[in-house]
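Q: Spelled out from the first residue to the last, the chains are:
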Amino acid sequence: MSDPAVPWSEHAKALTDPSGASAKPEALSDLRVLDCSQGNFAALFCSSILAEFGAEVIRLEPPDGDVARLFSPRGILHRGTGLPYLVEGRNKRHITLNLGTAQGRDLFTRLARHMDVIIESAKPGEMDARGIGYRQLTEIHPRLIYVAFSTRGQFGPRASHPIPDYDITGQALSGVPYTTGEPGGEGPAESSVPTRQGNWIAWYAGGGWGAFAVMAASVWRWASGRGQFIDCAPPEGEMRLADYDVQWYHTSQRVRERVGALNICVFPYTLVKTKDSYSFIAGFSDINWKGLTNIIGHPDLGERYATTKDRIRNAKALHAELEKWAANFTSQEILEKVQDYMVHKRGPGTVATARLNRPVDTLQESHWWERGVFQRVEDPDYGELLLQAPPWKMSRTPPRIKWACRPVGADNEDVYLRYLGLGKERLRALEAEEVL
Amino acid sequence: MTESYFDWTSHAFDHTLIFDKPEALRGVRVLEMTTLVLGPTTADFLGEFGAEVIKVELSPGGDTMRYVTPEATFWRNASLGFFPENHSKYHIGIDLHTEAGKDLFKQLAARSDILVENCRAGTFDRWGIGYRQLSEINPKLIYVADSGFGQWGPFSQGRASYDAVAQTVSGMIGITGFPDRPPILCGIFIGDWFGGLMAATAALVALHHRNKTGEGQFIDLAQSESLIRSLDWTWVHHGLTGKDREAVGNQDEALVPAGLFACRDGFVALAAPRDEEFRGFCTAIGDPDLARDPRFATLPARQEPAHAEVLLQRISSWAATKAVVEIEALGERHGFAAARVANAEDRYKDEHLRARAAVWEYEDPLYGPLVEQGPAPKMSATPGRIRWSAKPVGWHNMEILVRLLGLSPARIQELEAQGVVGKWADRPGPKPPDDSRPQ
Numbered sequence: 004m005s006d007p008a009v010p011w012s013e014h015a016k017a018l019t020d021p022s023g024a025s026a027k028p029e030a031l032s033d034l035r036v037l038d039c040s041q042g043n044f045a046a047l048f049c050s051s052i053l054a055e056f057g058a059e060v061i062r063l064e065p066p067d068g069d070v071a072r073l074f075s076p077r078g079i080l081h082r083g084t085g086l087p088y089l090v091e092g093r094n095k096r097h098i099t100l101n102l103g104t105a106q107g108r109d110l111f112t113r114l115a116r117h118m119d120v121i122i123e124s125a126k127p128g129e130m131d132a133r134g135i136g137y138r139q140l141t142e143i144h145p146r147l148i149y150v151a152f153s154t155r156g157q158f159g160p161r162a163s164h165p166i167p168d169y170d171i172t173g174q175a176l177s178g179v180p181y182t183t184g185e186p187g188g189e190g191p192a193e194s195s196v197p198t199r200q201g202n203w204i205a206w207y208a209g210g211g212w213g214a215f216a217v218m219a220a221s222v223w224r225w226a227s228g229r230g231q232f233i234d235c236a237p238p239e240g241e242m243r244l245a246d247y248d249v250q251w252y253h254t255s256q257r258v259r260e261r262v263g264a265l266n267i268c269v270f271p272y273t274l275v276k277t278k279d280s281y282s283f284i285a286g287f288s289d290i291n292w293k294g295l296t297n298i299i300g301h302p303d304l305g306e307r308y309a310t311t312k313d314r315i316r317n318a319k320a321l322h323a324e325l326e327k328w329a330a331n332f333t334s335q336e337i338l339e340k341v342q343d344y345m346v347h348k349r350g351p352g353t354v355a356t357a358r359l360n361r362p363v364d365t366l367q368e369s370h371w372w373e374r375g376v377f378q379r380v381e382d383p384d385y386g387e388l389l390l391q392a393p394p395w396k397m398s399r400t401p402p403r404i405k406w407a408c409r410p411v412g413a414d415n416e417d418v419y420l421r422y423l424g425l426g427k428e429r430l431r432a433l434e435a436e437e438v439l
Numbered sequence: 184m185t186e187s188y189f190d191w192t193s194h195a196f197d198h199t200l201i202f203d204k205p206e207a208l209r210g211v212r213v214l215e216m217t218t219l220v221l222g223p224t225t226a227d228f229l230g231e232f233g234a235e236v237i238k239v240e241l242s243p244g245g246d247t248m249r250y251v252t253p254e255a256t257f258w259r260n261a262s263l264g265f266f267p268e269n270h271s272k273y274h275i276g277i278d279l280h281t282e283a284g285k286d287l288f289k290q291l292a293a294r295s296d297i298l299v300e301n302c303r304a305g306t307f308d309r310w311g312i313g314y315r316q317l318s319e320i321n322p323k324l325i326y327v328a329d330s331g332f333g334q335w336g337p338f339s340q341g342r343a344s345y346d347a348v349a350q351t352v353s354g355m356i357g358i359t360g361f362p363d364r365p366p367i368l369c370g371i372f373i374g375d376w377f378g379g380l381m382a383a384t385a386a387l388v389a390l391h392h393r394n395k396t397g398e399g400q401f402i403d404l405a406q407s408e409s410l411i412r413s414l415d416w417t418w419v420h421h422g423l424t425g426k427d428r429e430a431v432g433n434q435d436e437a438l439v440p441a442g443l444f445a446c447r448d449g450f451v452a453l454a455a456p457r458d459e460e461f462r463g464f465c466t467a468i469g470d471p472d473l474a475r476d477p478r479f480a481t482l483p484a485r486q487e488p489a490h491a492e493v494l495l496q497r498i499s500s501w502a503a504t505k506a507v508v509e510i511e512a513l514g515e516r517h518g519f520a521a522a523r524v525a526n527a528e529d530r531y532k533d534e535h536l537r538a539r540a541a542v543w544e545y546e547d548p549l550y551g552p553l554v555e556q557g558p559a560p561k562m563s564a565t566p567g568r569i570r571w572s573a574k575p576v577g578w579h580n581m582e583i584l585v586r587l588l589g590l591s592p593a594r595i596q597e598l599e600a601q602g603v604v605g606k607w608a609d610r611p612g613p614k615p616p617d618d619s620r621p622q
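Line by line, the protein sequences give chains A and B. Each residue of the first sequence is one higher than the last, beginning at 4 in the numbering used here. Each residue of the second sequence is one higher than the last, beginning at 184 in the numbering used here.
Heads up, some of the hints might be wrong.
[To be verified] Simulated restraints on C-beta separations: (1) A:T333 <-> B:P337: 11 to 21 Å; (2) A:G103 <-> B:P616: 51 to 61 Å; (3) B:S500 <-> A:A309: 29 to 39 Å.
[Unchecked claim] Derived coverage of chain B by chain A (criterion: at least 3 residues anywhere in the stretch with Cβ under 8 Å from a Cβ of chain A; other residues may be distant): (4) 192 to 202; (5) 339 to 349; (6) 573 to 579; (7) 596 to 609.
[Stated by the list, open to error] Straight-line distance between alpha carbons at most 27 Å, and here's what the computed DSSO-like set of lysine-lysine pairs gives: (8) B:K532 <-> A:K276; (9) B:K323 <-> A:K27; (10) B:K505 <-> A:K348.
Think of the hints as simulated: they come from the structure by calculation, not from any bench. All residues carry an ideal CB built from backbone N, CA and C; glycine is no exception.
So here's chain A without its partners, still in its complex pose (with noise of 0.2 Å):
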């Protein structure tokens, strides 16, 4: 029975912070995954999640290494890895093999026995060529789950017509760019463009759903006892999160454009230029209005525009007197003045406001270390690592980061001997035939 008297956010602390992660059990340690993606960061954050969560996850790589360790900024390598895969090696046993030869196919469909989910993001037909696909494994492993990665799926009429995946392309197909970035005309003609995320994010919501349909596969089978195919396009994992594009062309025959930094729907949800940089503000439905109204000192503007359709038919105008108002004030500023009307309950409404932050000031706010959410991890290959932490605080099953990534073919010897009794000497052999 837990004490009425301690506040809730105390006790929600005591319940998942994440610094007493390590004493507690894992999720998912009853699950083996092998990930032999090549080149996709989709794949990668799906088997990044699961090892998160406590899955034991080795990550297959040509004897060369996964090309997605080349994939860096500006070519920056850290101990022979790009910064990237430095992020998504978390907790992942690394072995070599070459799938390109008899040998190496025969080891995988042999490790593919003692596995519960098997990722991968091969041309779609190309592991089935090769007699390693779902339809061949299944036969010999029922309950085996299987997610495979590709742009356009495993099939469909583009299907047999593929094209790597890659982030950009991902974005572009879920519709997210078009509606992104300043409108052609408000500003030079080069950046008034459909806008990318500066993030994969297409191949992080694709990502993100590859583990959510493993863990679905998972609950399905704890009933069932059987396996099954997914099939997981990033375009389409993220075309999910695209709002009511589609269904606002389907009633009204309406495509959504470019708003730079206004919404559609609701006004105001916009950013400003303060004083010193910007900042985010929200006051939209009626009664916020009023309350961000009278924060302004305008409380006229609020009777005035009263309804959300005055509002967003005069949206850059009220943008305009908003930003009148913010060129006063430093972000900083704003938000105390907002804190200030919503905890001491001087009016009417709720209003959100928030500093633009770049990273760097992201990474200097005590509230994300408190958290968790960044964490210095100490590498035993890699030496001292700043990486985001798992998102999740959990009671009885928290997340973790044990470590951050390891060498090309590093776990080898550990697999393959504990997998299939394989010993260094065979493994010798192995090596020297370009099988490892």
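Position chain B against the provided structure of chain A, taking the given hints into account.
A: For chain B alone, kept in the frame of chain A given last:
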């Protein structure tokens, strides 16, 4: 294996057979008391794969998202913004400010596997229906608390959050868009949607643990922290170089070439970072020698900023003379990635997406023919599905109160009279279409 691979997959994933297959989360009940997008998506994703979702709203106005619709224009009295995160749910209106309302909510929680809420931290605890209280009634309950900044920590107190707050505080906006231009918001509510995906995934992980142990648990999910997780190399880069990550427009610094390019008739995404893809691309533009130029021959050489700049200018001037479909066709033929910057109409009319039920057409009993984005991952044995669309506030009151809680019609009438249970307000957003006959 005599059947060709793509014949086999077209049978294994045939969308016309979806309703003839079982659902992964059959028998899992989700109780949600959420608003806007983050919380509703968490429950919706579980519902797409077979969970029964009961959505509790404060009657008569209901979820705030019922008023968020493009150009503030309602369609058949509904908000279009409300549809994509509220499928196949049971809608019930309860006033949780009343003791009787809380009691109903507790009874529902006692019969549920997963609870999702997204109120500000501590609200449900104060109302006596938080994790501390509900886990006493139902120790197997998986309780998902979605929020902007988490349940504890300095920012968790008194700070409201939306999707765009998460975009702003996470650094996502800071690394997006063009240098020296005003910052822009992501075109979609990405902080909500991605957070919801992370929350739903954790709920399933907890379900897996519960299958083994019988234990429920508490999950604290902050949308800002989910976006921080998604910013790939931003943080490790700062740790190793001491440098901040800047916005660089439409080109990818890690993959060269990869970016968005203007064509004669639209925009195209193009990527050819692997050396063999780049060779194919050079052949496609009629300049195979370019792939032998030492500045461009290998990925590490192309990643050099000075080399990348020359190369991307070359690609830009080439792309400007081409049509989008030409570049797409060249990608297929020469083994690099090319795809249009698609808009809603492109997706709506796309036969491939229709055949994959990524664009899902169905007939709703209240709203008629609808087209929405379908479930994202395609599962061969337990495919996701949409049964019906979002419904007015309190649409399923009888269904839930009678079927699930076994209340008598007289008791329900009493609760309605006391305002504990309620239906839609008579205004666009919460109410049914004008031509419908209320139940």
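Q: For every hint, state whether the structure bears it out.
A: Here's how the hints hold up against the structure:
no.: 1; hint: A:T333 <-> B:P337: 11 to 21 Å; verdict: 19 Å, holds
no.: 2; hint: A:G103 <-> B:P616: 51 to 61 Å; verdict: 60 Å, holds
no.: 3; hint: B:S500 <-> A:A309: 29 to 39 Å; verdict: 51 Å, violated
no.: 4; hint: 192 to 202; verdict: holds (count 4)
no.: 5; hint: 339 to 349; verdict: holds (count 9)
no.: 6; hint: 573 to 579; verdict: violated (count 0)
no.: 7; hint: 596 to 609; verdict: violated (count 0)
no.: 8; hint: B:K532 <-> A:K276; verdict: 39 Å, violated
no.: 9; hint: B:K323 <-> A:K27; verdict: 18 Å, holds
no.: 10; hint: B:K505 <-> A:K348; verdict: 59 Å, violated
In summary, the numbered hints that this structure violates are 3, 6, 7, 8, 10.
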